[in-house]
Amino acid sequence: AQSVTQPDIHITVSEGASLELRCNYSYGATPYLFWYVQSPGQGLQLLLKYFSGDTLVQGIKGFEAEFKRSQSSFNLRKPSVHWSDAAEYFCAVGDYNFNKFYFGSGTKLNVKP
Amino acid sequence: GAVVSQHPSRVICKSGTSVKIECRSLDFQATTMFWYRQFPKKSLMLMATSNEGSKATYEQGVEKDKFLINHASLTLSTLTVTSAHPEDSSFYICSARERTDYGYTFGSGTRLTVV
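Top to bottom, those sequences are chains L and P.
Each residue of the first sequence is one higher than the one before, counting from 322 in our numbering.
Each residue of the second sequence is one higher than the one before, counting from 10 in our numbering.
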């Protein structure tokens, strides 16, 4: 069965520090992978997505993610975090036909001044 | 870019009444729309997938008679919570898949409180 695991429930980083949010997936075929960000009480905003091709994907707001098939991972990174990045981040996987779309449990990011 | 409008953003209703939540794709046609429920400090749980012109596909454990989904057009899907109870209080989010793109766009969510 498909599943997405975000092992870190809560992460705190200092402003200006680098960030890596982990995501592991379990899927029988080629996954379509996404990272979303959610501010409190709001919907989700797409940061980036991976379908095929270059395994390093660039997204909005300076985020990037790298697809590593051998590790079944799709970790999100940002070289320098800004206070406005504090939010909850969700990794998601969709199947080829997009009949199913599953989210990880989310990682809440706090940014220290 | 693609925009999905979800309405209302907040609703308070009395126990036993029904509430309808609308999800509209404003500038694209959505062949498929999804409804999620998010519990406090929890991830999003896929409730059902609706395809225009056909019956929704519900995830295991989701009561189809309680959560009625209608996807009558390529731009509108509705979720009706029937005979709402306090345990139905939650944050409901829809998303739509654009026909020509594999991306998903999410609505801003609806906070339902049943009193």
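By construction, these hints were calculated from the structure, which means they are not laboratory data.
The beta carbon of each residue, even a glycine, is placed where N, CA and C say it ideally should be.
Some hints here could point you the wrong way.
Said to hold, decoys possible - Examples of chain P residues lying across from chain L (beta carbon under 8 Å, computed):
1. Ile21
2. Phe43
3. Leu53
4. Leu55
5. Ser98
6. Tyr113
Said to hold, decoys possible - As a list, the in silico BS3-like pairs of lysine-lysine whose alpha-carbon atoms are at most 27 Å apart:
7. Lys75/P / Lys51/P
8. Lys429/L / Lys75/P
9. Lys382/L / Lys51/P
10. Lys51/P / Lys370/L
When the hints from earlier in the document are held up against this structure, which numbers fail? 1, 5 and 8
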